[in-house]
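Make the full structure from the sequences, and use the hints.
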Amino acid sequence: MNRSFLLAVSAAVSVFASGCGAGNNFFAVPAAPTTTATTTTTTTTTTAPAPVIVPPVVTGTVHAGQTPIIGGHVYLYAIGTSSYGGPSTSVLDGSITGHSDASGGYILSDSAGGFSIPPSAVNCGAGSQAYLLISGGSAGAGVNPSIGLVAPVGACPLSASATSIWVNEVSTVATAFALSAYANDSTHISSPNSALAMTGLANALATVGNLYDNTSGHALAATPAGNGTVPQATINTLANILASCIGTSGPTSAQCSTLFAATAGSGAAPTDTATAAINIAHYPANSVSQLFGLQSQSSAAYQPAMANGPSSWILPISYTGGGMNQPAGLAIDAQGNVWAANSNANTLTELSPLGVPANATGFTGGGLNKPFSVAIDQQGNVWTANTSGSSISKFSSGGQPLSPAAGFTGGGLYNPFGMAIDAAGSVWVGNLYDKVTSYISHFDNTGSPLAATGIADGVIGEIGDLQMDGTGNLWISGLDAGSLIRISTTNAPVPTVYSTGILTKVQGEAIDGNGNIWVSGASTGTFGEYSNTGQSLGTNVAGGGLNQNRFLAIDGAGSIWTPSYAPGGVVSEFTSGGQPVAASGFTVAPASSGLWAAAIDGSGNVWVSTQDTNLLELVGAATPVVTPVVEAAATNRLGTRP
Numbered sequence: 000m001n002r003s004f005l006l007a008v009s010a011a012v013s014v015f016a017s018g019c020g021a022g023n024n025f026f027a028v029p030a031a032p033t034t035t036a037t038t039t040t041t042t043t044t045t046t047a048p049a050p051v052i053v054p055p056v057v058t059g060t061v062h063a064g065q066t067p068i069i070g071g072h073v074y075l076y077a078i079g080t081s082s083y084g085g086p087s088t089s090v091l092d093g094s095i096t097g098h099s100d101a102s103g104g105y106i107l108s109d110s111a112g113g114f115s116i117p118p119s120a121v122n123c124g125a126g127s128q129a130y131l132l133i134s135g136g137s138a139g140a141g142v143n144p145s146i147g148l149v150a151p152v153g154a155c156p157l158s159a160s161a162t163s164i165w166v167n168e169v170s171t172v173a174t175a176f177a178l179s180a181y182a183n184d185s186t187h188i189s190s191p192n193s194a195l196a197m198t199g200l201a202n203a204l205a206t207v208g209n210l211y212d213n214t215s216g217h218a219l220a221a222t223p224a225g226n227g228t229v230p231q232a233t234i235n236t237l238a239n240i241l242a243s244c245i246g247t248s249g250p251t252s253a254q255c256s257t258l259f260a261a262t263a264g265s266g267a268a269p270t271d272t273a274t275a276a277i278n279i280a281h282y283p284a285n286s287v288s289q290l291f292g293l294q295s296q297s298s299a300a301y302q303p304a305m306a307n308g309p310s311s312w313i314l315p316i317s318y319t320g321g322g323m324n325q326p327a328g329l330a331i332d333a334q335g336n337v338w339a340a341n342s343n344a345n346t347l348t349e350l351s352p353l354g355v356p357a358n359a360t361g362f363t364g365g366g367l368n369k370p371f372s373v374a375i376d377q378q379g380n381v382w383t384a385n386t387s388g389s390s391i392s393k394f395s396s397g398g399q400p401l402s403p404a405a406g407f408t409g410g411g412l413y414n415p416f417g418m419a420i421d422a423a424g425s426v427w428v429g430n431l432y433d434k435v436t437s438y439i440s441h442f443d444n445t446g447s448p449l450a451a452t453g454i455a456d457g458v459i460g461e462i463g464d465l466q467m468d469g470t471g472n473l474w475i476s477g478l479d480a481g482s483l484i485r486i487s488t489t490n491a492p493v494p495t496v497y498s499t500g501i502l503t504k505v506q507g508e509a510i511d512g513n514g515n516i517w518v519s520g521a522s523t524g525t526f527g528e529y530s531n532t533g534q535s536l537g538t539n540v541a542g543g544g545l546n547q548n549r550f551l552a553i554d555g556a557g558s559i560w561t562p563s564y565a566p567g568g569v570v571s572e573f574t575s576g577g578q579p580v581a582a583s584g585f586t587v588a589p590a591s592s593g594l595w596a597a598a599i600d601g602s603g604n605v606w607v608s609t610q611d612t613n614l615l616e617l618v619g620a621a622t623p624v625v626t627p628v629v630e631a632a633a634t635n636r637l638g639t640r641p
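Numbering of the sequence shown is given in numbering that gives the first Met the number 0, commencing with residue 0 and proceeding in unit increments.
Don't read these hints as lab results, they were simulated from the structure. Note that this is a predicted model, so its numbers are computed, not measured. By construction, the Cβ of each residue, glycine as well, lies at the ideal position given by its N, Cα and C atoms. Some clues are possibly wrong.
[Said to hold, decoys possible] The calculated label-pair distances, taken between Cβ atoms and stated as ranges, are:
{"no.": "1", "residue 1": "G537", "residue 2": "N358", "range": "20 to 30 angstroms"}
{"no.": "2", "residue 1": "S110", "residue 2": "Q578", "range": "25 to 35 angstroms"}
{"no.": "3", "residue 1": "S447", "residue 2": "D212", "range": "49 to 59 angstroms"}
{"no.": "4", "residue 1": "A541", "residue 2": "A194", "range": "39 to 49 angstroms"}
{"no.": "5", "residue 1": "A194", "residue 2": "A455", "range": "34 to 44 angstroms"}
{"no.": "6", "residue 1": "S110", "residue 2": "P589", "range": "41 to 51 angstroms"}
{"no.": "7", "residue 1": "G126", "residue 2": "G97", "range": "25 to 35 angstroms"}
{"no.": "8", "residue 1": "G84", "residue 2": "G576", "range": "48 to 58 angstroms"}
{"no.": "9", "residue 1": "G208", "residue 2": "A455", "range": "21 to 31 angstroms"}
{"no.": "10", "residue 1": "A359", "residue 2": "D92", "range": "47 to 57 angstroms"}
{"no.": "11", "residue 1": "N546", "residue 2": "D212", "range": "16 to 26 angstroms"}
Set out below in structure tokens:
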């Protein structure tokens, strides 16, 4: 490298390290001298060059409410690639910034809360995802070591044009919830480096931008695409709660002591506000009233805020558009896109991982006729079961219909309802409303029936849900008979019928990482656990807000999620052992709302279909899981993380 350039950068850093405001965004670096010569003399003259302007790689402002944080340690970290919750990597060179400690190199925020990071100080590998951590400093009450604020920056190598960041309590709440599945504390944010896991991480980072504006530090009321309603007051309230500690002199203050005790979760109490926010995201039902009480002990700078305490700190975004009209069945593809079959319209909706509709009116054609269930095959094609059309439809991953105008018919289809796809790509469909003989229809991946009149399932009455396990068995819920049915998809399809005991109206199913089947009892407000030999494991679950729960989803930690069909707007979560996480469930929609199905994506978001014209995303509420379901079943990774 040119020696003049190195000396210039060194001089610029010396000026920067002595204190620069948010407006000091560029470093003057002299260019190499130019030389001119004449033909009449042997004299050589050197002219003074114009300076080359080297922009900083990251600039920003750090505030607590409306107050700048002075002297905060500004660290730049790369999200780790070792495991979920593994260590982050400090990527600032302290020999360039002039400041370092055991955590790595850092820069001090100035009297306006401003900071600028020169490119020469950043050692961030291409493709790594970077985030800012501000630690310590003063928000007016003296140096407070409990201050911890975070905000994502972007993928390395960083560019100055995209990285002017506002870091405050709002950015911290948004980051903590969106990256909840990847974070243990403010310096341990990490993901495995598999392709599927990295896709989930990238989607999670992008979701932060659905919650707050990084150029102003404000919580959003609507997503940037305009079709998502954001819980702005909840985000602001959480920001005010963090501010109650940040505005004090340190960890021994009443506010910090209360905050850290209330966010201990299942381990040691945190010692900084960023980790406290992460723990709130991990345990949204814990110590809610104690935390809400802290808002009154802060300046409550972030408005609008909640006037009354919530039942939990779940952050639901409500999305509309894309032809949604009573979305029922849900499926998540490998890229994190969400597909919904609209049971009150002949449409299929695709939302991006950020909730943006693929088109305004949804996909049509291909025989869609009151579609209910939706499933994705290993080629990314999307299938629906059409309850009114006695048909099934197939669409490409781009939404083009691949089935004829009347859909695929035959094979004993009669009011098809549930569906599943096996590792070979064939499609299995359960038929509803047949009170004489219940049939399972079986099609190949081209839509041709493999059994002309269907396969008798061994019970009489309605069929509910269908799920594939990791060993090639198809599990079917006998809705009327209160039965669980197993069919081998790799041998002769002879059904075996098991009783579900006290469960009645069994409908939804989900299969966990141990191969056990969880089945809902819609009329009893319960669900139970069964082995892969159909034996009850004695886990008959009630409580937790269950109320006519229909369908189930299992996340990568084995937690079971189920919405309640009855009005109340409640989603219930249970541990892998069947214990309710919140006594009354999570209220995520107005009390008048009834909910249908749930699906977990590869970022740890829970998507919920409603009986209205919207879908809900519970940001960072769950543990990421392998998607689509057919891929998880084919590789025996159901209920596991990517």
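Would you list, in rising numerical order, the hints stated earlier that this structure does not obey?
Per hint list: 1, 2, 8, 9 and 11 violated.
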